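S.K.: Here is how the chains run, residue by residue.
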Amino acid sequence: MIEVEQLSKSYGPREAIRNLSFQIKKGEVVGFLGPNGAGKSTTMNILSCIMPASSGTARICGFDVFEQSLEIRKLIGYLPEAPPLYLDMIVHDYLTFAARLRNVSSKKAPPATEKVIEQCSLKDVRNRIIGKLSKGFQQRVGIAQALVHDPDILILDEPTIGLDPIQIIEIRKLIQELASSHTIILSSHILPEITQICKRVIIINDGQIAAVDSLESLTTRLHKGERLLLKMRRSDNETIEILRTLRKVNTVTEQKASEFIIDCEPHAEIQDEIAKLVLDNNWGIVELKPASMTLEDIFLKLTLEENEVKR
Amino acid sequence: MKNIWIITKRDLGSFFNSPVFYSLTTVFLILNGFIFVNILNFFSLQSFQVQQRPGAGIGLNLNEMVIEPSFQNMAVILLLIIPLITMRSFAEEKKSKTFALLLSSPIHLKEIILGKFLACMIVIGLMILLSVYSTGYLILVGQPEIGPILTGYLGMFLMAGCYVSMGLFASSLTDNQIIAAAISFGLALFMWIIGWGAHAAGPELGQLLEYLALVTHLEHFLKGLINSSDLVYYFSFILFGLFLTHRILESSRWR
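Residue numbers (our numbering), protein chains in the order written: chain A, 1 to 311; chain B, 1 to 255.
Note that these hints are calculated values from the structure, not bench results.
Don't take every hint at face value.
[Claimed, not checked] List of simulated lysine-lysine pairs, DSS-like, C-alpha gap at most 27 Å: (1) B:K223 - A:K115; (2) A:K256 - A:K25; (3) A:K74 - B:K110; (4) A:K25 - A:K173; (5) B:K97 - A:K132; (6) A:K74 - B:K223; (7) A:K108 - B:K2; (8) A:K74 - B:K2; (9) A:K74 - B:K95; (10) A:K74 - B:K94; (11) A:K256 - A:K276; (12) A:K132 - B:K94; (13) A:K123 - B:K97; (14) B:K9 - A:K115.
Quantities reported herein were computed from a predicted structural model and do not represent experimental measurements.
Chain B on its own, in the form it takes in the complex (with noise of 0.2 Å):
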């Protein structure tokens, strides 16, 4: 546990000291305020029209109309983020001839991918926690359910998890930035939409291709649930991540 924190602590010093958990997080939070306060103002329109016509209010409910899209939508710019975050974490140590001393010290290697990992939840909930002012505010001024607010939180949480678990692996393949990014872009985005395939596939396989896809669980999180089998699917998502991450790097020492 101990040198876990010792990788997490200077990885994190790393994102700190430089531009990038700034840049990083000006984006996020000005997509995410931006596509916030379009979503607010269409709801608020919609209640003004509503309001012109009495009867007709059923259904509008702040949850549902706003609370929901907008973690759809981080959802969405998490994924444009984090792999800039995680692409880093093993390429540079390897370009910078820098993995040598990880590997060259009293530690393990899943001690080493621990503390990276952490180090990235640690940012990603960092920039989260930037961005909940604007449920904050929804709470101020209307009376939206808290329930589902706090397991969608725990949703796109463990949802980042997975990204980072991929990013980290995409990492690990290369010594070089840019590749790393886009791999674990393109499984990040591929894991999203892998449920597109599913009403061609037929029913079983179908089945599969809807459970495997991260959208779907994160769907029973926003809705306020917390199913047993969507906290196993994250979590052996992000230790299957973290399995393959390990054995690529073990592996790149024979070699």
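One chain only, chain A, in its complex shape (with noise of 0.2 Å):
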């Protein structure tokens, strides 16, 4: 449904975006996984017509994001970064303004409107001032105005930023209902948000592409290892050298003093000996945990590794 080629982009000397390609099938909820500055926004936005491509093509059901963008419009609902809301209107008409921008009828226009309001739980703002809203019910009427012309294709540049935690399960959920009859894509510098919805990631880091996997294999492929997170009320020269030597255990690095990150084989279940150790030496253990693997982490990783593939 979505074939991207060598996709690249440059804002003047600086290239945002590198050579990308990658597919997205019909129904498919795929995330854009990257740090800020990543080219997220920048793929999106080429992708929604709003700027063209340096080079590269992208196409979208067979129709040119460049020579046919008309048609693409048509399919698309979009929700940009920042979203596009006009601080001085009223929900409900804004709503409507966005259906009617949409090819929407006028006929029909109404009763889409109150769809989405029902589905966004617009219902107790409709008739309040955009701009006197909340930044979660913003967020919400930005994604109500790519629903509302009921679009083939979502793509929603950040959708849960600036929510409080309650907000962000609602829109999950939202966008969970909408992956059975849609094709989504979401972009998040957030692991956790992105696993929960989506089924493919698509990792761009610097303007190119650090993976395109399932989630499955990715979360294996970073499973590789475990870590653990060690504290300790004192430690020496030589605990670091005691850690080392237990089995299982890959590198052992010193985070601040007295605070280590163990990384272990997977499924080491390693634990009780290091407890154990800490006991024995009597270096008094504050906390061991395991340590998640931030995005950073993911990111560092999935380079290194290639560029030792490359190597």
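Grab the two chains, each in its own frame, and use the hints to assemble them into the complex.
M.R.: Structure below.
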């Protein structure tokens, strides 16, 4: 449904994305994952025909985003990073306007607006001025405008940014409901969010694709090892050496004084042994827990892996 | 056509739901009314003096002495007011990131531009309509010629169209409304006074400068003349401004 080939975009001398290629099938829910400035928004802007690419092609349903952008714009619903809200308009009027802009006939626009108000739980604020709403509601109005014409493809740029946890859960639920009948691309720099919604992940870093994979294989790829955080009251110079001698331990690094990151083999389950070691040496255990991988770790790992392969 | 109206309707809504339209209209009407009253006072003073000296009344003409100068003054007030109406058209959309909504919708860029042009013209049309009381009063109490009044309003409206197309162009250049207003005011004033260079510029260039000046063509309309050359001038001026706006917005996508 969406085919991207060798897509590049540069702003002056700065290359935002370089030779991106990926495909998205109908009905898929795909997550763009990457740190801020990685090129997620640029890619989404090109896909939603807001700006042309410097080189390469992108096709949606067989239409080229540059040559036949008008056809594509009928098919997509787009929520940019900053929701495109007219702050002086009333929620209801704004959504009707968005529907009319997207070729919904004047007869069908009111029911379409009602439906989307229901879907995004905007009932209580339907007659309020958008500028006076909280960030969470504004974000929901933004999602509502992308949905109002019932597009086949939804492109959501950081849909949950700026929301409180409860709202995030609601939006997630909404996207999951939509997933059954839509093709959805959404971006985020928060890993758990992507893992909950998307079946497939495209990781972008520094304008390039670091990995395209299904979530399962990505997680198994990342779980090549386990990581533990160990915090103690005391430690000496030999502590790190002693920890390294444990079986199944790959590396030990001292994060702060008396705080160690222990990388070990998968399913090592050596917590008992570590604890025993600490007690035996009278280091005084404070904390021993699995350390979750942050996005940075994942990028580091992925990019390092790639470099290793290249070598 | 439908898409143009969708854009126009939203823009009109934002004019009428905010104090912008009301404050600008108030300023326009007060200035316009003040000038009209003064011109009329001057005229009645002269008429009174003429009554004292019979035979000197030739040349006292309501059209020439009241209506024409009123129109000329209105053109100057519009020169000041219209940049404030057009400045937000694109600058605000860009600033508040709402332009992405329009650009990602199945609607042509030219429809967006025409929609915004139409919205500004309707707002200005309304303002001018509200000021019609002045000529209406003259028709009620005197016998001015109706023809030049009607062509005067037509000329005024066409000239406003030129201001608006320059204003939209200025607004497409930036996301800052103040800069947009400054540029469009500068452009409009320059196109108004460009004829001043005519005397120094030599016969051929001088004629061209004279032709390019907005005010030259307005004069004909105020005299009651509808020349096709004036119509061509105004329409091509407006289209050229809108064309430039289109180019600027299209090219800003590439940057």
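S.K.: Each hint should be assessed against the structure and marked as holding or not.
M.R.: These are the hints, each one checked on the structure:
At roughly 58 Å between alpha-carbon atoms, K223 (chain B) and K115 (chain A) are farther apart than 27 Å, so this suggested pair is violated. With a C-alpha separation of about 46 Å, the suggested pairing of K256 (chain A) with K25 (chain A) is violated against the 27 Å cut-off. The straight-line distance between the Cα atoms of K74 (chain A) and K110 (chain B) is roughly 17 Å, inside the 27 Å bound, and the hint therefore holds. Taken as a hint, the K25 (chain A) and K173 (chain A) pair is honoured in the structure, with Cα atoms around 22 Å apart against an allowance of 27 Å.
For the hint linking K97 (chain B) to K132 (chain A), the alpha-carbon distance of about 17 Å falls within 27 Å, and the restraint holds. For the given pair, K74 (chain A) sits about 51 Å from K223 (chain B) by alpha-carbon distance, which is inconsistent with the 27 Å threshold. Among the hinted pairs, K108 (chain A) with K2 (chain B) is consistent with the structure: their alpha-carbon atoms are about 15 Å apart, no more than 27 Å. Distance check on the hinted pair: K74 (chain A) and K2 (chain B) sit about 16 Å apart at the alpha-carbon level, within 27 Å; holds.
As the CA atoms of K74 (chain A) and K95 (chain B) are separated by approximately 25 Å, the hinted pair is consistent with the 27 Å bound. Under the criterion of a C-alpha separation no larger than 27 Å, the hint pairing K74 (chain A) with K94 (chain B) is consistent with the structure, at around 22 Å. With a C-alpha separation of about 22 Å, the suggested pair K256 (chain A) and K276 (chain A) falls inside the 27 Å cut-off, and the hint holds. Distance restraint check for K132 (chain A) and K94 (chain B): the Cα-Cα separation of roughly 20 Å lies within the 27 Å cut-off, and the hinted pair is therefore satisfied.
Only pairs whose Cα atoms come within 27 Å are accepted, and K123 (chain A) paired with K97 (chain B) is accepted, the gap being roughly 25 Å. Taking the CA atoms of K9 (chain B) and K115 (chain A), the gap is near 23 Å; set against the 27 Å cutoff, the hint holds.
In terms of the numbered hints stated before, the structure departs from hints 1, 2 and 6, listed from lowest to highest.
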